[in-house]
Each structure stands twice: as C-alpha cells, then as structure tokens.
Amino acid sequence: MKKTFLGGLVIILSVGVLSSMGVCDEPAISEATSECLECHAMQHPGIVKDWRDSRHAQITPGQAIAVKGLGRKVSSRSVPKELSDAAVGCAECHLLRPDQHADTFDHNGYNVHVVVSPQDCAVCHGEESAQYQKNIMSHAHKNLAGNDLYRQLKTSIIGKTHRTGARLSYREADSATKADSCFYCHGTRLRVSGTRIRDTELAGEMEFPVIEGWPNQGVGRINLDGSMGSCSACHTRHTFSIAVAREPYTCKECHVGPDVPAFPVYAASKHGNIHSTLRKDWNFTTVPWTVGKDFAAPTCATCHVSLLVNPDGEEIVARTHQMNNRLPWRIYGLIYTHPHPLSPDTTIIRNKDGQPLPTDLNGGYAAKFLIGTEEMKQRTTEMQKVCAGCHDSSWVTGHWEKFEQVIQATDAELRTATGLMQEIWEKGLAEGLEKGKNPFDEAIEKKWHLNWLFYANSIRFTSAMAGGGDYGVFAGGRYQLSMGIAEMQEWYNLRWKPDHGK
Amino acid sequence: MKKTFLGGLVIILSVGVLSSMGVCDEPAISEATSECLECHAMQHPGIVKDWRDSRHAQITPGQAIAVKGLGRKVSSRSVPKELSDAAVGCAECHLLRPDQHADTFDHNGYNVHVVVSPQDCAVCHGEESAQYQKNIMSHAHKNLAGNDLYRQLKTSIIGKTHRTGARLSYREADSATKADSCFYCHGTRLRVSGTRIRDTELAGEMEFPVIEGWPNQGVGRINLDGSMGSCSACHTRHTFSIAVAREPYTCKECHVGPDVPAFPVYAASKHGNIHSTLRKDWNFTTVPWTVGKDFAAPTCATCHVSLLVNPDGEEIVARTHQMNNRLPWRIYGLIYTHPHPLSPDTTIIRNKDGQPLPTDLNGGYAAKFLIGTEEMKQRTTEMQKVCAGCHDSSWVTGHWEKFEQVIQATDAELRTATGLMQEIWEKGLAEGLEKGKNPFDEAIEKKWHLNWLFYANSIRFTSAMAGGGDYGVFAGGRYQLSMGIAEMQEWYNLRWKPDHGK
Amino acid sequence: MKKTFLGGLVIILSVGVLSSMGVCDEPAISEATSECLECHAMQHPGIVKDWRDSRHAQITPGQAIAVKGLGRKVSSRSVPKELSDAAVGCAECHLLRPDQHADTFDHNGYNVHVVVSPQDCAVCHGEESAQYQKNIMSHAHKNLAGNDLYRQLKTSIIGKTHRTGARLSYREADSATKADSCFYCHGTRLRVSGTRIRDTELAGEMEFPVIEGWPNQGVGRINLDGSMGSCSACHTRHTFSIAVAREPYTCKECHVGPDVPAFPVYAASKHGNIHSTLRKDWNFTTVPWTVGKDFAAPTCATCHVSLLVNPDGEEIVARTHQMNNRLPWRIYGLIYTHPHPLSPDTTIIRNKDGQPLPTDLNGGYAAKFLIGTEEMKQRTTEMQKVCAGCHDSSWVTGHWEKFEQVIQATDAELRTATGLMQEIWEKGLAEGLEKGKNPFDEAIEKKWHLNWLFYANSIRFTSAMAGGGDYGVFAGGRYQLSMGIAEMQEWYNLRWKPDHGK
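Going line by line, the protein sequences match chains A, B and C.
Heads up, the first sequence is in my numbering, so the first residue is 1 and it goes up one at a time.
Heads up, the second sequence is in my numbering, so the first residue is 1 and it goes up one at a time.
Heads up, the third sequence is in my numbering, so the first residue is 1 and it goes up one at a time.
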C-alpha cells in the first residue's frame with residue numbers, strides 16, 4: 001500500500017502543524033511534507049530549523065519561476081505542475097524521481113530516497129545542474145579513481161604500509177579510509193548494499209536501505225541515480241543557502257591544505273582582510289549580486305561563480321557553475337601549469353608518452369586535450385571583468401602579467417626538481433616509471449612530489465589571488481621549494497658517487 | 001586591623017559609585033566590592049567592563065538559585081546567605097575562603113586572594129566543579145608532571161639542548177619555559193614565594209604576594225588552595241561568559257596545533273563552515289540550549305559539554321563538565337587509540353610491561369585502568385543523541401562505523417612505525433627503553449613520535465569530527481604519516497646493512 | 001591643455017551626480033572629483049563604494065581639523081585652503097603634488113598620478129607620516145635590498161635554482177617573483193618604464209604610464225615621489241578605514257607565516273579568543289579608543305599603535321606610527337633577540353665582525369647601533385601601561401619576567417645550533433662565511449636557519465603575546481626547534497667521523 005508521489009503532494013493547509021511550527025504568511029506545505037514534519041521536526045530539529053530558514057520554505061516554485069530578469073533563481077523553463085504551489089519541503093525532493101534512485105524505499109507509505117542528487121535539483125535548477133556537469137569538479141571521483149597514475153599516488157598516501165625486509169609497499173586502503181580521505185572531497189561512489197531493520201522510537205520497527213559510502217557530500221559523488229556531484233557540497237543542507245555558498249568558508253572545506261591552499265591564501269590577502277572585517281555589513285543573499293553595493297571585496301564565489309552586476313543593474317559577468325570558465329590556467333594538482341582540460345573527464349587525457357597526464361615530465365602540453373589560446377584569452381577577459389569592478393586597467397594588467405611570469409618561474413623550478421628525479425631513477429637509486437612500479441611511493445619520490453603537490457602550488461595560488469607574502473615564501477612557498485630541491489640534491493649526493501659507483 | 005569578609009559584604013547601595021558607573025536596575029553591590037571598584041575601575045577599566053557585562057553583575061545568587069528547571073545555572077543546593085543578595089563582584093570571589101588560599105594578603109583591610117580557584121566557584125556552581133574534578137583535564141598538570149615517560153618526552157622537547165661530542169642530551173627546562181609551553185595549557189603549579197612591596201599610584205606603598213607560576217589559566221593548574229583546575233581557562237575572566245565558552249575559539253586556545261588539531265579540523269568541516277557563516281545570528285547565551293532554535297550546527301561545547309533540549313524543551317543530553325563522558329575512545333596524545341581511562345588520574349596506569357601507558361607498545365590495552373565495553377557503548381549512545389539533533393540514523397551509523405574503522409587503520413600504521421622503531425632499538429642504532437635512557441630524544445625517535453603525536457592523531461580527529469579532506473590527507477594527515485614511515489625505513493636502510501653489519 | 005589642480009578643485013554641488021549616488025547631508029564634492037566619478041563610479045563601482053563608505057567622503061579637512069582634543073584625526077597644523085571645504089575625493093589625493101610624482105600624466109585634462117604616497121597623505125596627516133618614517137617598516141624595502149647578507153638569504157630562497165654537477169646555486173630571481181614574494185610585504189621599488197595607449201570603453205584611446213613593481217602595497221614601498229612606505233598597506237584603499245586597520249586581519253596580511261606568526265599566535269591566545277567571540281559588539285571606529293568601553297581585549301593596534309584612554313577620557317598611551325616604540329626587544333627575523341635598532345635604516349649596522357647584523361654569531365650586540373637600557377626600560381613601561389588596562393601589577397610583572405627568561409632560553413638554543421653550524425663550516429662540510437660564499441644556501445644551512453627564522457621566533461611570539469600552548473610547542477615551536485637541532489647533529493655525525501677523517 002503505497003501512496004503515490006502525486007497524491008502525497010496534494011496541498012493542504014495543515015493548520016495544526018503550521019501553527020505549532022510558528023509559520024505564518026508562508027507558502028502552503030504539501031500533505032506529504034506535513035507528514036514528514038510530524039515526526040522529523042522533533043526527532044531532528046536541527047535540519048528542520050535549517051529548512052525553515054531556507055528560501056525553499058518561503059517561496060513556491062510557481063512564485064519563484066515567475067520572477068523576471070536577473071533575479072530569477074529557478075532556471076528551468078518550467079516546473080512540474082504538482083510542485084508549483086507548495087513550499088519545497090522534505091517530500092518535494094526526497095520523493096522525486098523514485099524509479100531512478102537505487103535507495104528508494106517504502107517509508108510510511110511513501111517512496112522515499114535518502115540521497116538527493118543533482119538530477120533531482122535539476123527539476124527546478126536545470127541550468128546550474130547542466131553547467132555543473134561540465135565542471136571538472138563533478139567528475140572528481142571518476143577522475144581520481146579512473147586514472148592509473150593518480151591511483152598509484154593515492155595508494156602510496158592512504159594505502160596500508162607493508163614492510164618486506166628493507167622495502168615498503170602499499171596495499172589498497174580500506175573503504176572507510178578512502179571515504180574519509182581523498183573521497184571526502186572528491187566524492188564517494190554510493191551503493192545500496194542491503195537493508196537494515198531498526199526499532200524506531202516513534203513508529204516501531206522500520207526497514208531502511210544500507211548505503212555504502214554514505215554519508216558523503218564530495219563534489220564528484222557518484223549518486224544512486226548514476227548522476228555525479230553533490231549540490232549540498234556547497235549549498236549546505238538543509239538551508240541550501242546562497243549566502244553560505246558565497247562565503248569562503250564553504251570552499252575552505254576542501255581548499256585549505258597545502259595541496260590547494262586557496263582559503264588560507266585568501267584569508268591572508270587584502271581581499272580576505274576586507275572580508276574578515278566588513279562581511280558583517282555585507283549582503284550575501286541578493287541575486288544578482290551588486291558590486292559596489294552588496295559587498296566591498298570578492299569572496300571565492302564572486303570571482304569564480306556568481307552573477308555580478310554594477311549599481312545600474314547591468315551584468316558584469318554571468319553566473320556559472322562550470323567553475324573553470326573564468327580560468328585559463330590550471331595551476332595545481334600536477335607538476336606543471338597548463339591550459340585547462342577541454343573535457344571535465346580527464347581520464348581520457350594522454351601525453352606524448354602515453355601517460356594520463358596533461359603535460360609530459362618535461363612540461364610539454366598534451367595540447368589536443370587542453371583548451372587553446374583563444375579560449376584562454378576569452379577566459380582571462382571574463383575574469384578581468386570581475387577585477388575591473390574595483391581595479392583600473394593598470395592594476396589588472398600589472399597583476400596578470402606578474403601572475404603569468406610567476407607560474408613560469410615555478411614551472412622552471414619543477415623542471416629542475418623533476419630532472420633530478422629522472423636522474424635518480426636513471427641511476428637506479430629509485431624505481432620509477434617502469435611497468436608495475438609506483439613512481440610516487442619511495443621516500444625520495446615523496447620528497448619530489450612535495451615540491452609540486454604543495455610548494456609550487458602554493459606559490460601559484462598566492463600569485464593568482466594577490467595573497468603573496470608569507471604563503472608565497474615562508475608558509476609552504478619558495479622557502480620550502482628551494483629547500484625541497486636542495487634536499488633532493490643532497491640525498492642524491494649522499495648515494496651517488498660518480499667516482500666510486502653506487 | 002582587618003575588616004572581616006562578612007563585614008565587608010554588608011550590602012549598601014552606594015549611589016554615588018553606581019551612578020558614576022551608569023548602572024541602573026541592577027542588583028545591589030556589596031560594600032566590599034564597591035571599595036574595590038573605587039580604585040580598580042579606573043586602574044583596570046578593561047576587566048571592570050568585562051565584569052559589568054557579565055551575568056555576575058546582573059543577578060544575585062539569591063535570584064539565580066530561585067530559577068526553576070533546566071534554566072538554573074547555580075547548581076549548588078544553597079548559597080551562603082551573605083552572598084545571596086548582592087551581585088557577584090570582586091569581593092564575592094576574591095575574599096572567599098581566605099584561610100584556604102596561600103596567597104591571601106591584607107589589602108586595604110581585606111583578606112584578598114589573587115587566584116580564584118574552582119573550589120571558590122563551587123560555592124555556587126558545585127555540580128560543575130565536582131564534575132570537572134572527574135574530568136581528565138583537571139589532572140592535566142599532575143598527569144604530565146607525574147608520569148616518568150611523559151616527563152622524558154617533555155624534557156626532550158622543551159629542555160635545554162646540551163652537546164657532548166657527537167651526542168645531544170636535554171637538561172631540565174627553566175621554570176619560565178615550562179610555564180610558557182606545556183604548562184601553559186596543562187596548568188602550572190602555583191606557589192607563593194614571598195612578598196613584594198610596590199609603590200602604587202593611588203595608595204602609596206602596598207605589599208603583595210609573589211606567586212610562582214602566575215599568571216596562568218591552564219586547565220589543570222594546581223591552585224594555592226590545593227585544588228586543581230582553572231574555570232577561567234574556558235569561562236574567560238571577568239565576563240565568565242557562557243557564550244565565550246560555547247564558541248570554538250575558547251577550545252582553540254589549547255586545541256589548535258598538530259598534536260590536537262581540533263579547531264582547524266572543525267573550522268574546515270561542514271559544521272565549522274556553517275558556524276563561521278551563521279554564528280552571527282545564533283544565540284549563545286540561552287540555558288538550556290535549544291537545537292533547532294538557538295543554533296544550526298554544533299560547536300565543541302554542543303557535543304562535549306552543553307545541556308541540550310529540543311524545541312519542546314525536552315532534554316536531549318544533560319550538561320557535563322566531565323568532558324569525556326560522551327567519548328568512548330581516546331584518540332590522541334599516545335601511540336594507539338584506546339578506551340578512555342577510568343580515573344582522571346592517569347599516573348596510576350601501568351601496561352603489561354609496567355610502563356605508565358594505557359597500551360603497550362604493540363597496542364594491547366592496560367584494560368583494568370580503562371573503561372569497559374558497556375561504558376563505551378553508553379558514551380557512544382550519549383554522543384549519538386547529539387548527532388541525532390540534525391542527522392538521521394543512517395547518517396549517524398554510517399559516520400560512526402567509518403570512524404571506528406579509521407582509528408583501527410591508523411593504529412595499524414602505528415604498529416608498523418613502532419615495529420620499525422623497536423627494530424632500530426634492538427639493532428642498537430638508537431637507545432631505547434633501557435633504564436636511564438630516553439626513548440624520545442634521538443632524531444630517529446623524534447621521527448617516530450611525529451607519526452603518532454601528530455599525524456595519526458590528525459587523521460582520527462578528522463574522522464571523529466567529519467572534517468576529513470585536507471586535514472585527513474595533506475595537512476598533517478595520511479600524506480605525512482606515510483612519508484614519516486617511509487623516512488624511518490630509509491633512515492634504517494642507510495644505517496643497517498644486513499650483509500656488512502652496522 | 002591642462003586644467004590646473006586648483007582649478008579642478010573648485011567646489012560645485014553637482015546635484016545630478018549627487019542624487020544619482022544617493023548622497024545627502026554630505027560634504028560638497030569638488031568639481032574635479034565629480035568628473036572622476038562620472039566615469040569611474042560605473043567602471044569601478046567597488047572602490048567608489050569603498051570611498052563613499054569612508055570618512056574621507058563624509059567630512060571635509062576643514063571640519064576635521066576643527067575637532068578639539070584627542071578626537072582630532074588630522075594632525076597637520078593646517079590644511080591647504082583649497083582642500084579645506086570639500087570631501088577628500090579622488091582628485092584631492094590623485095592630483096596632489098603633481099610635480100613630485102614620476103607617474104603624473106595628463107588624464108582628461110588633469111595631472112593625475114596613479115600611486116598616492118605617504119607624502120601625499122602627510123598633507124593632512126603629517127604627524128603619522130613623520131612617525132612612520134621613523135618606523136623600521138617604512139625602510140622595509142631598503143633594509144632587505146640593501147643588506148648584502150640578507151640579499152644572500154633572499155636569493156637562496158627565491159632565486160632560480162641552478163644545477164652544476166652535484167652542486168646547486170641560485171641566480172637572481174625575476175622581477176615578478178621578487179614583487180610577489182619578499183617585496184609583496186617589504187614593498188617594491190616603483191619605476192615608470194614607459195607609457196601604454198589603451199582603447200577605453202568610455203573615452204576612446206588614452207595614454208597611461210606603465211609602472212614597474214605595480215600594483216603593490218608593501219609597507220616599505222619606494223614610491224614615485226621617492227618617499228618610502230604605503231599607508232594603504234594598513235589603511236586599505238579606498239575606505240582608509242581606522243576600523244580595518246585596528247582589526248588583526250590587517251596585520252595578518254604580512255604577519256601570518258612561521259617566520260612571523262603574530263596572527264595565528266594572537267588568534268589562539270586568550271586575547272584572540274575574546275576578540276573572535278566579541279568583536280561584533282565592539283566599536284572599532286572611535287578616536288580616542290576607550291579601554292573598558294569600546295573593546296574588551298586588545299588587537300595588534302591596541303598594543304602597538306593606538307591612542308588609548310580610560311573611561312574618564314584620560315590618556316593611557318599616545319598614538320604612534322613608529323610601531324616599535326612600545327617594544328624594547330626585537331624578537332624575530334634574526335638569530336638572536338636584541339634591543340631594537342636605533343635607526344630605522346638597518347643597512348648601516350655592523351657587528352664586531354663587520355657583518356651587517358645587530359648581533360655577531362655568538363649573540364653579542366652591535367651595541368652602538370641599538371637602543372640602550374634606558375630606552376628599553378622606557379618602552380617597556382609604555383607597553384605595560386597598555387597591559388594595566390586589564391591586568392594588575394602581579395600579572396603584568398609575572399608575564400614580563402617570564403617573557404624575558406624565555407627569549408634568553410631561545411637564544412641559548414640558537415647558540416647551540418649556530419655553534420654546530422660553525423663547526424660544520426670549520427670542518428669544510430659546508431661553505432660558510434668566506435668571501436663570495438653564501439652562508440644560507442646549502443641544505444644543512446637551510447636546516448640551520450629554520451631554527452631561528454621560524455622556530456625560536458614562534459616561541460618568542462607566543463611568550464610576548466601570552467599565546468603559549470601549541471604555537472610555543474607543537475605548531476612550529478619547541479618541538480620543531482629541538483628536532484631541528486637534533487637533525488643538524490645527526491647530519492653532522494653521518495658525515496664527520498673523527499677517527500676516519502671526512
């Protein structure tokens with residue numbers, strides 16, 4: 001005996017429920033959502049508060065789609081009639097597309113699924129969902145799990161260390177370790193592994209799906225409807241707040257370590273300083289977002305995502321959820337700087353040596369997999385429109401020229417470091433790129449990737465974000481990079497005596 | 001000629017003083033406190049402002065104890081009559097129990113003591129004070145200073161480095177160094193070493209006690225009445241604000257470094273993100289604290305200390321100042337994860353090898369000193385009640401199972417690292433656990449304890465707090481742990497050639 | 001055909017412009033500034049918003065100089081008549097002293113210069129500008145670029161790594177790297193290298209100066225009028241807000257890394273905790289700044305810069321922009337603690353061995369270049385007046401005695417580390433201080449300077465700022481210092497066998 005989704009969404013004005021919740025002047029809540037709230041409002045008051053504070057609780061899709069102009073947030077051409085006139089509550093999302101989700105289960109007569117996916121969100125927010133699929137972030141799970149070289153790097157970091165005599169090797173990490181480390185940000189692959197019966201406080205025994213890889217909100221999560229990504233990575237459940245997504249603290253969740261120190265560099269930059277001091281007076285919720293009215297310095301979202309207008313309401317840049325389309329260069333995660341990949345699926349890339357990398361070990365581009373000069377120029381222009389909101393052209397040009405010189409300078413240093421590594425491999429002091437060997441797992445190889453995975457990286461971030469100073473030098477920047485190379489050379493000198501052989 | 005404490009507390013309504021302070025509609029201030037304020041309000045305006053902003057200045061113990069139900073903050077069964085009807089001012093605390101404090105001195109006719117102790121606070125807040133004595137934190141000084149192995153570790157870190165030929169050894173650190181490093185957080189042992197006469201601006205020459213180890217607000221401070229702890233470690237003087245204590249910035253004072261990175265992990269977690277963005281709209285002062293009304297994500301206090309209720313006012317968890325009683329596992333500070341110690345006094349623990357450690361070097365528990373399975377389960381359940389405020393059972397179960405697997409995985413890595421260290425000791429390449437030898441002070445031993453004191457530690461924190469990502473991998477997590485073990489092996493390989501002997 | 005500066009500043013009430021900007025009850029805007037705004041308000045709305053939010057837009061110099069007493073912000077004895085009666089807008093600063101600036105160019109008939117210098121600001125803020133010239137920070141570019149030893153250190157960190165056989169050497173860094181690293185904070189040397197014609201959206205082709213080293217806001221920037229410094233380093237353009245400058249986030253821009261961890265140490269201290277929690281309720285804009293009214297814990301500015309009064313309006317300490325004049329000791333950047341240099345120009349210092357350093361390698365002072373005991377005592381007293389705002393004398397004395405012991409303890413450790421380095425040089429295992437050799441560039445030398453440039457440094461900061469605990473021990477403090485020395489000794493032992501020779 002299952003209630004149908006549509007039946008469940010008949011709109012009622014459940015006065016008792018509403019008044020007990022202190023809701024007034026707010027949109028009707030569907031019958032199905034009201035039923036959810038009857039139990040869950042007391043059981044999980046935190047998320048219900050979040051939802052109640054959310055835009056979803058305060059407007060119906062029908063009202064939202066009627067907004068004209070740049071303020072419109074519902075980007076789909078139309079919304080299903082049955083969703084149109086009630087708040088977007090529990091049922092509106094968790095009952096959507098039940099046939100598509102492997103975790104759909106009968107819960108109190110409803111076909112509920114636990115994990116809401118970008119394809120669910122796409123019902124109203126189609127454009128953002130489509131853009132996000134072109135965002136390299138939506139492929140974050142697959143790009144890591146499906147690339148042989150990355151997998152070797154990953155295993156040498158999170159795998160189980162195994163000693164055999166004087167040698168170490170690394171065995172595949174357990175699933176909890178994987179989910180809690182790389183795939184915490186990259187997203188897990190979800191899988192329903194069975195069901196579990198639980199004796200609930202309010203309704204006695206109930207059956208629930210058991211989901212491997214859950215909970216997770218990584219940006220490239222493989223969902224139970226096969227889709228990739230997690231909108232709640234940034235639009236934190238259950239407020240799904242644009243204000244939260246626009247604050248740098250959201251990006252910090254995954255961009256804080258030495259591998260990708262965007263947050264600490266930002267926080268130490270002039271922009272971050274202004275944000276820290278003045279954000280309490282800014283407006284993080286208006287759409288479109290007005291430079292010179294709503295805020296006085298950019299956050300991550302300002303430069304990379306948001307729809308910006310000037311005080312006359314004229315568009316400066318369009319909203320994008322393909323977050324690299326104001327970015328010509330890819331400056332981290334790999335040895336050398338290079339133009340952004342053409343496809344968000346980077347597993348297809350092969351360099352001239354057949355490796356799944358966007359450059360070869362000498363820095364040469366795997367050009368046919370990367371964006372070209374025209375596209376790079378167009379992306380640069382797009383980003384510079386944002387800069388121009390507060391900076392004149394001599395500032396912007398000076399900044400950008402400096403940035404492009406600095407990324408070249410870091411690449412030159414890494415050419416030195418990598419040349420040294422290659423020589424060490426060549427001399428047989430470490431096992432490198434031969435078949436079956438992991439080029440990342442020996443102590444000297446770890447010393448090598450520190451230089452590109454952390455230090456050169458940090459330097460480029462400080463340059464890109466005008467957050468130089470300490471993060472560009474002493475806090476994991478040039479100081480550590482020059483020391484890292486010096487230590488590689490010293491390691492080599494200690495082991496390789498040209499006169500005496502090894 | 002000394003005024004008695006009780007005499008000094010006769011309540012007067014010193015209109016001149018009050019009006020000069022702009023105080024209206026506030027409780028009477030005792031004569032003694034009024035006298036204090038006459039000088040100190042101008043001399044130290046900062047702390048007087050703090051006090052004036054405090055609850056202590058705005059309510060009398062008599063009014064406070066009359067509060068019914070969960071909102072009551074004064075937990076003692078009764079308060080002394082002479083304290084009942086005036087604000088809790090300078091005199092009310094600094095004149096309490098004068099015979100018990102070694103720093104009591106005659107100040108302007110009053111028996112003042114400088115350092116207020118938990119036993120003083122216990123006059124009104126008896127329950128919290130009693131709980132705190134069962135908190136391992138109250139024993140933090142003693143547990144460090146009174147454990148031979150910990151003392152060796154401490155000396156090898158903060159002691160004076162001494163070179164003799166090719167060897168380094170470490171001599172006892174000076175008292176300032178000790179007070180400013182380990183005991184800054186663990187708490188100093190206070191001692192009155194004499195008196196000092198000072199020519200004061202307002203009252204000419206006056207005599208004051210000289211207190212060794214002062215100032216200090218470490219959590220396990222040994223006070224001048226023999227008690228242990230410092231309430232002002234978290235309830236910052238002189239507001240003693242519950243709001244300050246509930247913010248993560250308070251815990252950060254001692255939980256920020258790589259040895260115990262609770263704050264940075266929190267700040268990079270989803271919870272921390274929500275807190276950073278939305279805390280400006282939350283209510284940090286209400287008692288009890290209502291999930292789904294006062295706040296939308298937990299701070300440290302929410303999970304570990306606070307009395308929480310749901311929006312119906314029903315208790316979710318009780319307040320506790322024994323901060324490990326929602327914690328089954330102890331995940332940091334030592335090599336291996338283990339059940340929490342039974343007694344807050346950990347100096348009594350002995351493992352099977354007679355060492356004062358909760359596990360042996362292979363990870364076996366010193367079980368009779370640790371809580372048992374039932375207690376662990378009960379503590380887990382208690383913590384999960386907090387989780388359930390915002391998360392359904394599949395989320396909570398999934399999180400917890402992952403956490404328990406991850407701590408096992410870190411323990412396995414440390415078994416490898418420690419096995420390597422034991423082999424190095426065995427081969428005589430370092431001096432280990434023999435009598436009179438410090439197992440922590442050689443360079444290779446330092447490389448070893450980096451792995452457990454920092455890296456495995458950080459990994460466990462990220463897992464416990466769902467703050468994975470960078471802190472679990474690249475920012476002092478698995479990346480550094482796997483490298484740390486690889487460097488130990490490499491160190492060993494360079495020095496130990498099976499074929500040629502040492 | 002150029003409009004004169006004075007002509008351009010004729011005051012008009014451009015009603016159209018004003019009403020379009022929503023400005024009411026605000027001072028008149030000069031004709032010149034109105035012309036600027038006509039284009040720039042739409043082109044760069046962000047900075048125009050900043051300016052509009054600023055004090056400069058809300059008061060005229062004539063009104064500002066009329067303020068009596070400690071609240072007066074315009075410190076010059078008089079302001080030029082032509083600036084007196086209009087808001088301080090674009091033109092008022094960018095047209096000042098046109099003959100003095102190498103970047104002055106004809107822009108729409110006005111003699112505009114791009115880079116506003118401290119000498120421009122001095123027109124109204126003469127005292128602060130004069131104090132700042134005595135601040136060692138104003139000499140930050142010169143002190144780094146003009147000191148042979150520092151230049152060697154700098155090149156070994158940011159220079160281009162060059163391999164010749166088994167040796168590394170460092171070549172001069174490119175200009176972008178320099179500007180983006182050391183000189184990001186120290187300030188670049190600006191130079192007009194030519195002009196560039198750009199096709200502007202609103203006015204067609206226009207010619208602009210090209211400025212090498214721009215953009216930059218480093219504290220010791222060499223400006224195009226020959227002056228040193230950048231007021232906007234702290235008084236962020238274009239609000240030039242005292243509130244922003246008083247927040248620790250401003251100082252963090254350059255004081256955040258392990259070389260000078262003032263911000264992280266502060267943020268983890270009791271002061272920082274109080275600030276993080278309560279700053280939302282503080283008043284950061286009042287002049288003078290009242291302890292016990294406007295704020296409840298110090299920020300960087302409170303202790304080092306601000307004019308402070310007690311609630312009776314009596315001065316506690318005077319404002320200073322010579323930021324070391326409440327500081328007896330210089331605790332970072334060099335091997336040993338030492339009294340502050342007498343002159344802000346430190347390139348003139350020579351130690352007994354003729355090196356441009358304030359101490360010799362054994363820690364002996366280059367005394368004639370440093371402040372004496374009396375001056376140190378006076379500066380200590382000045383700082384302690386700030387402490388006394390919230391702390392009694394036993395607290396302040398205890399804190400200060402501890403601090404002075406701790407800096408001695410760190411110096412003793414560095415004597416050990418430096419002695420080891422000297423022995424390594426002596427034995428020929430590294431090339432040290434001989435002519436033409438860089439004493440900082442080899443791997444072992446880098447291991448040596450880690451100890452003083454980072455670790456001892458951090459320890460001293462924690463002690464000075466009562467921010468002990470983790471930053472004094474585990475987060476780049478004593479743990480790393482003791483390990484650093486142990487690793488130097490181990491390096492030495494591996495390479496130097498007394499019995500066998502090298």
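There could be a bad hint or two in this list.
Here are the simulated BS3-like pairs of lysine-lysine, each with C-alpha atoms no more than 27 Å apart in a straight line [to be verified]: (1) Lys270/A - Lys280/C; (2) Lys497/C - Lys437/B; (3) Lys280/B - Lys435/C; (4) Lys435/C - Lys142/C; (5) Lys73/A - Lys160/A; (6) Lys134/C - Lys270/A; (7) Lys134/A - Lys427/A; (8) Lys270/C - Lys280/A; (9) Lys280/A - Lys293/C; (10) Lys293/C - Lys68/C; (11) Lys160/C - Lys427/A; (12) Lys134/A - Lys377/A.
No wet-lab data here; the hints were simulated from the structure.
Evaluation of the provided hints:
no.: 1; hint: Lys270/A - Lys280/C; result: holds (20 Å)
no.: 2; hint: Lys497/C - Lys437/B; result: holds (24 Å)
no.: 3; hint: Lys280/B - Lys435/C; result: violated (59 Å)
no.: 4; hint: Lys435/C - Lys142/C; result: holds (23 Å)
no.: 5; hint: Lys73/A - Lys160/A; result: violated (46 Å)
no.: 6; hint: Lys134/C - Lys270/A; result: holds (25 Å)
no.: 7; hint: Lys134/A - Lys427/A; result: violated (43 Å)
no.: 8; hint: Lys270/C - Lys280/A; result: holds (23 Å)
no.: 9; hint: Lys280/A - Lys293/C; result: holds (21 Å)
no.: 10; hint: Lys293/C - Lys68/C; result: holds (21 Å)
no.: 11; hint: Lys160/C - Lys427/A; result: holds (25 Å)
no.: 12; hint: Lys134/A - Lys377/A; result: holds (19 Å)
The structure shown violates the earlier hints numbered 3, 5, 7.
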